[in-house]
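**Q** The residues making up each chain are set out below.
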Amino acid sequence: MTHPAPDQVPVLALEGVSKSFGAVRALRGVSLQLFAGEAHALAGENGAGKSTLIKALAGVHRPDEGTVLLDGEPVVFHGPADARDAGVAVIYQEPTLFPDLSVAENIFMGRQPRRSLGRVDHRSVRAAAAELFRRLGVDLDPDQPARGLSIADQQLVEIAKALSFDARVLIMDEPTAALTGSEVARLFGVVRSLREEGAAVLFISHRLEEVFALCQRVTTLRDGAWIASEPVEGLGEDDLIRRMVGRDLDELYPKLPAEVGAVALSVRRLTREGVFTDVSFEVRSGEIVGLAGLVGAGRSEVARAVFGVDRWDGGEVQVGGKPLKPGAPSLAMAAGLALVPEDRRAQGLVMGMSIERNINLTGLRATSRAGVMNRGGERSRAVDWAVRLQVKYARLADLVGTLSGGNQQKVVLAKWLATSPSVLIVDEPTRGIDVGTKAEVHRLLSQLAGEGVAVLMISSDLPEILGMADRVLVMHEGRIAAEIPRAEATEQSVMAAATGVTGRAA
Amino acid sequence: MTTTAEPVRVAVPPSGGLLDRVLKMRELAILAVLVLMLAATQIDNSAFLSQQGIKDLLLNATILVLVAVGEAMVVITRNVDLSVGSVLGITAFAAGDFLQGGGNPLLAVVLAVALGAAFGALNGLLVSIGQVPALVVTLGTLYIIRGVDSIWVGSREITASVLPSGFVDFGHNGLSALPYLAVLAAVVLVAVAYFLRNYRSGREFYALGSSPEAAGLAGVPVRKRILAAYIACGALAGLAGALYLARFGNVDSGTGSGYELTVVSAVVVGGVAFTGGSGSVYGVALGALLLTSINSVLPSIGVSSVWVQAIDGILLLLAIAVDRVLALRVTGVLRKRAAETRSARHG
Amino acid sequence: GGTTKNSTDKAASSAPAAAVGSSADPNASTKTGLTVAFLPKQVNNPYFTISDNGGKTALTTLGESYKEVGTSSGTDTAGQVSYVNTLTQQKVSAIAVSAQDPAALCTALKQAMSNGIKVVTYDSDTDPGCRQLFISQASSEALGRSEVDLLGKQLNYTGDIAILSAAQTATNQNTWIGYMKDELKKPQFAKMKLVKVAYGNDDAQTSFQQTQGLLQQYPNLKGIISPTTVGIKAAAQYLSGSKYKGAVQLTGLGTPNDMRAYVKNGTVQGFELWDPAKLGSLAAYAATALASGQITGAQGQTFKAGSLGTFTVGAQGVVVLGEPTVFTKSNIDQFNF
Amino acid sequence: MADTDIGTGTDSATPFTARPRSFRIGDAVRWDTVVGALLLVLLVCSFSFVDNFGNALNLSFLIGNTLPIALIALPMTLLVVSGEIDLSVGSTAGLSGAVMGALWNAGYPIETIIPICLLLGVVCGLVNGLLVTRLGLPSLAVTIGTLAAYRGIAQIVLGANSVTDFPQQYLDFGSGRIAGTFIPYAAIPWAVLLLVAAVVLHATPVGRSLFAVGASEEAARFSGVRVKRLKLSMFVATGFISSLTGVFWVLHYASARYDNATGLELSVVAAVLLGGIDFDGGKGTLGGAVAGVFLLGALQNVMSLVNVSAQSQIVVTGVLLVISVLGPRVARQLSVAHARRRTLTASAPVPVATPAGHT
Ligand SMILES: Nc1ncnc2c1ncn2[C@@H]1O[C@H](COP(=O)(O)OP(=O)(O)OP(=O)(O)O)[C@@H](O)[C@H]1O
Ligand SMILES: Nc1ncnc2c1ncn2[C@@H]1O[C@H](COP(=O)(O)OP(=O)(O)OP(=O)(O)O)[C@@H](O)[C@H]1O
Ligand SMILES: [Mg+2]
Ligand SMILES: [Mg+2]
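Chains as they are written, first to last, in the numbering used here: chain A, 1 to 506; chain B, 507 to 853; chain C, 854 to 1190; chain D, 1191 to 1549.
Among the clues, some could well be false.
To be verified - Straight-line Cα separation of at most 20 Å, SDA-like style, residue types lysine to any residue; simulated pairs:
#  : chain 1 : residue 1 : chain 2 : residue 2
1  : A       : K325      : A       : T271
2  : C       : K920      : B       : R662
3  : C       : K1131     : B       : D675
4  : C       : K920      : D       : M1493
5  : C       : K944      : D       : L1495
6  : C       : K944      : D       : L1361
7  : C       : K1049     : B       : N551
8  : C       : K944      : C       : E921
9  : C       : K963      : D       : Q1359
10 : B       : K730      : A       : G118
11 : C       : K963      : D       : L1361
12 : C       : K1049     : B       : W813
13 : C       : K1049     : B       : S810
14 : D       : K1418     : A       : L331
15 : C       : K1117     : B       : D675
16 : C       : K1096     : B       : N551
17 : C       : K920      : B       : S661
18 : C       : K858      : D       : V1347
19 : C       : K858      : D       : A1296
20 : C       : K858      : D       : D1355
21 : C       : K920      : D       : N1497
22 : C       : K1117     : B       : V668
23 : C       : K858      : D       : Q1358
24 : B       : K730      : B       : F701
25 : C       : K944      : D       : L1247
26 : A       : K255      : A       : E451
27 : A       : K325      : D       : K1418
28 : D       : K1418     : D       : P1328
29 : C       : K1098     : B       : Q558
30 : C       : K1096     : B       : F676
31 : C       : K1006     : C       : G1119
32 : D       : K1418     : D       : V1347
33 : C       : K1098     : B       : L555
34 : C       : K1096     : B       : S552
35 : C       : K858      : D       : Q1359
36 : C       : K963      : D       : I1368
37 : C       : K1096     : B       : Q558
Quick caveat, the hints were computed from the structure, so don't treat them as lab data. All of these numbers come straight from a predicted model, not from anything done at the bench.
Throw the hints in and build the complete structure from the sequences for me.
**A** Here's what the structure looks like:
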C-alpha cells in the first residue's frame, strides 16, 4: 500500500486492528491512514465493518488487537471524550441526539461557551448554532427540541455538531444517506473548505458517485478484512464495486416492464393540518410510483397517514376500492397495505428483540394456530425471508440491534415482504444499503411489481427514482407539485418541481 | 434551498426560546391550581391564611420540597431513588441521637447530611457501576436501610424533651410568617435550579436522562453524573431528616416509612418525566407545596378526614391531567411552527 | 335468595371460648418451663415494648420463658395472622396478643386454641370467641369518662372541644370515644361542645396536620382530647410551637417520657395512662394461669398475679387492670416509661 | 459506558460463541433462572433443616399467605412487560373488599355481591387504563393517584366498620384446604390463572405483541400492533384480578376493612422485580415472577420459624433484591469476556445465513 507523500505522517491511523462481537469478527487486521488535507473514502458492503472501524477510531470500541496511531504515536482512546479531545470529530451512522434538549444544546453539549464562574452562556450557544446552520444553509430553529425532527433534520444537526469542533480529523459515517442533492452539495462545499484548511476527512457512503465527487483516496473492506487502499482517480465505479462485492455487479436498476392493472391504492384530497395538504394520487397494481421531493416536503407524513400511523384531518384513502378507516394500521395491513418506514431504528424495528421476533411481528396470526404460536412456523418464516434477502447474521436469536445498518434495513424489508402485501409503500428503502444489496432490493421491487403488487417508493435518491419509477410524483411544501411520467422524468424536471420552480402540473 | 440571510431570522425567534416558554407554562399550570385552591379555602375559612396558617403551610412543605428536589435530580437522569424515606428516617434518628448526647445542633445537621450523602453514594455506585435497574436497587436499599434503622433504633425514640430547645425552636420559629426552615429550603431550591440550568454538568444531567446512549457518545461522564445525582439526593434527604427532627421533635424507627410515594407524587405532579431529561425543580417544589397544602386545606375547610384520601388522589390525577393537556397544546404549537418554517423556506 | 347477612346471623355466636373449656382447678400448681409469646400490635412501639417487658419480668420470676414477635407496621393484619400461624407451628404454651383487628385474627387464633395453645388478648381485644381472656388496661368506660372530666376541669367546663383519635377502625379508640360522648351529655358539661372527631392514623405527621386543621377550622376551640400516645404527642408538639400554646388545652393518653417536655413548658396540664408494664405482666400471669389449668377463662374464676394482687375474670372473659394514673407537673417526674 | 457496545448488553442478549458449552453458561445465568435456582435451594434446605416447615399445616399457611401476592403478580407481570405499571392494585383489592362488606351489611346475598366486586375491579382497571392510553399519562403517576383515590373511596364506603360475619362455607373456602393435603382451595383457581397467563404471555400473538410494545411502542405501532387496546386490556385484567384478590383476602382473613391489603403493591412489585421483570418493559418471564413471589414468601415463612425478627427479615429481603440484579449482571460480563477470549483464538469466519447455519 503506497500513498502520495511518504514523508508525511498520518494524522490518525489504524494498524492491524481486529474487533469481534461474540463470534462475529467485524474487523480483522485492518490498517488505515488519514492524512491532513485529504478526503479518504471507506467503501464496503453492509456489514463489511465500516462503522465498527469508525467506532474503533472514535474510542467507542476498544480494538481487540492492533493500535490506533495519533500523529504516528500509539494512543488508547478510553472513550469518545478522549478521541474528541484529540481533535477527532465523528458523525455516526445513526443520529444520536437528545430528544428533550434544544437543537443548539445538542450541538454544544459538554462544550458550551461559558461566562464568569463557569456558567453556560446560553445566548452565545444559540448564536453559534444559528451560525453553523447558516454555514450549512439549513433553517432549523436552535431552540426547537430535537424530538420530532425528521431523520434528515437529525442528520443535519449531527453534521453541524461535527463541524462545530473545527476538528483535525472529521469522520462521517453515511452522513448523506438521508439528504437530498442540494443539501449534499452544501455539505460537500463545507467539507472541501475544511479539507483545504488542512483537516483529514474520512467519508463513508453507499452512493459511489459521492465517493468519486469528494474523495482522493479510497479504502475497501470486505467481511471485515482490508482489501485495498488506492487513489480515486483512475478508478472506475465497476473496479470499486468489484473490490467491495468480490464479483462483477449486474445492472443497478433492473426495471422490468410490468403490465399495469387496476387501481390498488387511491388517495383523495388527503390533508393533515400543518404537514401536508390536498394530496391526491393513485397507484395501480404492477406499477412502481416514485414519490420525490426535498427533505421535509412531507412525503413520509403522507405515507404514515395512508398507513394509519398518523390520523388525517380530511380526505380519503382506498385500497382495492374499499375505503380505509383512518388511524388504524392493523386494518390497513388487513387490507393488504405494507409500509417500510423511514426510520428503521425507531419505527422499523424493535431493537430490543431478536431478528426472528422482528420478522414475525407482522405475521403473528399467520404463525399461530388456534391462537397459540407455532414455533416451527415462526422459525421457518423468519429463516425463509432472512435468507431470501441475504441478511448477514450469526443467529436468528441475536438482537436485531447488533446487525449492521444495511442488514437492519433488510430485516425491515423481510418483515413486510413476508406479509405478501398488495400495496407496498417503501420510505427510503435503500437508505444506507450497499450497491450490491441496493440492486437486489430494486430487483425485488420490480419483481413484486411484476407479480402485480402496487409499489409506492419514497426516495431522496433521485437516480433511484428515475431508474425504478413508472411515474414520479413530486411533493413540495406538503403538496403534490407535479406528476411526471417515466418518459419525461429527468433530474431537471423533478428538481424543478421539488423546489417549486415550475408551477404545479397535473 | 434557502438564501443565507433567511435562516437567521427564523433561527432566533423574536419571541424568545420556545422551550423556556413551555417549561414556564408547565409550572404555571401547577401554580394556578395551587393558587385557586388556597384562594377558595381562604374564602371559605378566613382563618386559613392567617400568619399562623401561612407559616404552617410553608413548614409542612419544607421537608417534602427538599426531598423531592433531590429526587428530581435523580429522575432527570432517568433513574429513581425509592430509598429516600428510609434515609430520611435513619438520618433523623442519627441527628437526634447525637443531640441527645448533648451534641452541637449545627454538627447534628452536618452529620445527617453526610450520612444521607453516604447512602446516596451507595445507591449511586450500585446503579452506575453495577449498571442495574435503579428501581430494583433502590427498592432493595429502601428495605435494607429501613431494616438497619429499626434494628439499630429498636423501640428507642427521640422526644422533644431531650433536644436542645434552640434546635426545636428553630424548627417552628421564623421571621413573622416566614419560617427559618422554609427559607433554608428556598435557598437550596434556588441553588439546585441555578446549577441545573447554568452549568455544563447540570445540563449533562438532562442530556444523559434524555438519551444515555447519545450522552456516552458525546463524552458525558455518565457514571460520575449519576453518582453525583444520587449523592445530592441522599444529602438532601439527610438534610430533610435533620429538619424533620427539628420540626416534629419526635423520631422513632418508623419515621419516614412510605414517604417515597409522596415524594414520587410530588416529582410527577411537578412535571418531571420519569423517562428522564425533562422538567424543572421549581415545578417539583410547586408540586410538593400543592400536595402538602391539600392536606392542610381539607381539614381546615372541615372536610371529614374520611374523605381526605380520596380527594387527595383525585386532585393528584387532576393536576397531572391538566399538565398533560397543556403539554399536548404545546406539541400542537410545535407542529404549526414546523409547518410555518417549511413554508418560510423557498421564498 | 342466596346467603344474606340475616340468614347467617343466627349462626353467629360470641360466647367466650372458655365457656366450652374443660373445668378449672384453682389449686393446680403453676407449671414452669412454659413458653408465653407476646404478639403486640407493633414491635418497636415504645408503649408495647414497655408492657411486653413487664410481661417478661413476670414470666422470668415465674420461671417461664418469654418471647416477643410481631410486625413492624401497626396495620399489617396479614403479617400478624402469619405470626399467629408461626407460633402455632412452634407449639408455644400461650399467646398474649394485642389484636390489630378484632376479626381478622379469629381463624388463626381458633386454630391455635384447637392445637391446645392458650390465647390472651391485651390492650386491644378480638371477638370474645377467639380468645380465653382479655386483659383490659382499664374499663373502657372509666377511661372514656375520666378523660372528659380531666379536660372539663382544665377549661372549667366551658368551650368547644375536639377529639384527635388514631385510625378510624381502632376498636378501643371507638369504644372510648363512645363513652366520652355519653359523659358529655351530663349536665356539668352542658357548656362544653364536641365539635369534631379527627383521625391522625397514629402517624405523627398526619396527627400534626389534623391538629392544625382543627385549630384553623374552629378558631375558638378550647380543648383537645387525644386518646392515643402518638396523637397526643404530635398535638402537643404542634401546640408548643404555635400561638395556641397554653391557650388550647390538651389531654388524653400519653406516656410520661413522651409528654414530660410539654407538661413542663406548660403546653399540657395533665393527661393519663395506666402503667403499660403492669398490663403486660398481668397478661403474663393470666396466660400462665390458663396454661397451668388454674383457670379456663370462665366468669368468676380468680387468679393471683404476683405483686399486682388477685384478679377476677369478669363477663365475657374480661380482666380489668384498674384505674388509670393521672400525670401532672407535680407527679410526672416520679414515672419513667 | 465508554466500552459498552451500543445495542447490546441487554438482559435477553446471549453472547454467541463458536463452542456451545460457553454460551450455555451465558444462557443459564439469566436473572429468572437464578431466582428459580435460589427458590429451589431454599426449599430443599428448609425441608431438611427447619423443623415445622415441612408439615402440611405450615405449607398451607405459606401458600395461603402468599396467594394474594401470587395472584396479582400474574397480570402485573404482563402489564410490566408491556412497559406500564399499576400501583393501585392494593387499593383496588381494598376497595372491592370494602364494597363487599358494605353490601353484605346492606343485606345483599353474597352470590350477587362477589360478581359486583369483580365488576368493580374491572372498572378500576378501566379507569387506570383509559387515563394512561387515552390521555397518554404516565402509568406510574396515574396509579399513584388512584392508589390514594381507591383507598379513599373504600374508606368512604365502609368507614370505621369491619365486617366479619360472612357465611361459614365461604370463609372455609378462603381459609380451608383440600382434605388430606396442604393445598388451600384457593390455590386451584390460582393454578388455572397461572396456566392461562403463562400461555398468553409466552405462546400467543398477544404475548408477542406485549413484548414488542414494551421494547418499542412506536415500532410496534408501525407493525400494526393495536398498542392502546392491548395496554387497556392489561390494565383491566390487573384490576379484575386485584378485586378477585380483595374478595379472597376478605374471606381468608374473615374481615372486610377499608385498609385491607394496604401496601400490597410494594410486595407485588418487589416480587415481580425479584423475578427479573424489567420495568423498562419488553423483558421477563412469568416463571421468573412466580419464582420471585414464592422465594419471598417462603423466605419470610422460614425466617419467622427460626425466630428472625421482622426487622432483620426486611434487611434480608432488601439484600436479596440487590443480589438478584447484581449477580446475573456480573456473571454475564464474566461469560462474555470469557467468550471474547475464546473467539480471538478461534478463526471461524463470520457465519453467513444458510438454513443449515442454525439448526
Ligand atoms: N454491537 C455489536 N454487537 C454485535 N455485532 C455487531 C455489533 N456492531 C456490529 N456488529 C457486527 O459487525 C459487523 C460489521 O458491522 P458494521 O456496522 O461495521 O458494518 P457496516 O460496514 O457499517 O455496514 P453498513 O454499511 O450497513 O453500515 C456486522 O456483521 C454486524 O452484525
Ligand atoms: N415524528 C415527527 N413529529 C413531528 N414532526 C415531524 C416528525 N417527523 C417529521 N416531522 C417534520 O415534518 C416535516 C416532514 O418531514 P418528513 O420526514 O415527512 O419529510 P420527507 O419529505 O419524508 O423528508 P425525508 O423523508 O427526506 O426526511 C419535516 O419538517 C419534519 O421536521
Ligand atoms: Mg455502518
Ligand atoms: Mg421521509
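**Q** Please go over all the hints and tell whether each is borne out by the structure.
**A** Verification of the supplied hints:
| no. | hint | verdict |
| --- | --- | --- |
| 1 | A/K325 / A/T271 | holds, 15 Å |
| 2 | C/K920 / B/R662 | holds, 19 Å |
| 3 | C/K1131 / B/D675 | violated, 36 Å |
| 4 | C/K920 / D/M1493 | holds, 15 Å |
| 5 | C/K944 / D/L1495 | holds, 11 Å |
| 6 | C/K944 / D/L1361 | violated, 25 Å |
| 7 | C/K1049 / B/N551 | holds, 16 Å |
| 8 | C/K944 / C/E921 | holds, 14 Å |
| 9 | C/K963 / D/Q1359 | holds, 16 Å |
| 10 | B/K730 / A/G118 | holds, 19 Å |
| 11 | C/K963 / D/L1361 | holds, 14 Å |
| 12 | C/K1049 / B/W813 | holds, 14 Å |
| 13 | C/K1049 / B/S810 | holds, 9 Å |
| 14 | D/K1418 / A/L331 | holds, 15 Å |
| 15 | C/K1117 / B/D675 | holds, 16 Å |
| 16 | C/K1096 / B/N551 | holds, 18 Å |
| 17 | C/K920 / B/S661 | holds, 16 Å |
| 18 | C/K858 / D/V1347 | holds, 18 Å |
| 19 | C/K858 / D/A1296 | holds, 8 Å |
| 20 | C/K858 / D/D1355 | holds, 7 Å |
| 21 | C/K920 / D/N1497 | holds, 9 Å |
| 22 | C/K1117 / B/V668 | holds, 13 Å |
| 23 | C/K858 / D/Q1358 | holds, 11 Å |
| 24 | B/K730 / B/F701 | holds, 16 Å |
| 25 | C/K944 / D/L1247 | holds, 12 Å |
| 26 | A/K255 / A/E451 | holds, 13 Å |
| 27 | A/K325 / D/K1418 | holds, 16 Å |
| 28 | D/K1418 / D/P1328 | holds, 13 Å |
| 29 | C/K1098 / B/Q558 | holds, 12 Å |
| 30 | C/K1096 / B/F676 | holds, 15 Å |
| 31 | C/K1006 / C/G1119 | holds, 16 Å |
| 32 | D/K1418 / D/V1347 | violated, 32 Å |
| 33 | C/K1098 / B/L555 | holds, 19 Å |
| 34 | C/K1096 / B/S552 | holds, 17 Å |
| 35 | C/K858 / D/Q1359 | holds, 13 Å |
| 36 | C/K963 / D/I1368 | holds, 19 Å |
| 37 | C/K1096 / B/Q558 | holds, 7 Å |
Of the numbered hints given earlier, the model fails hints 3, 6, 32; all others are met.
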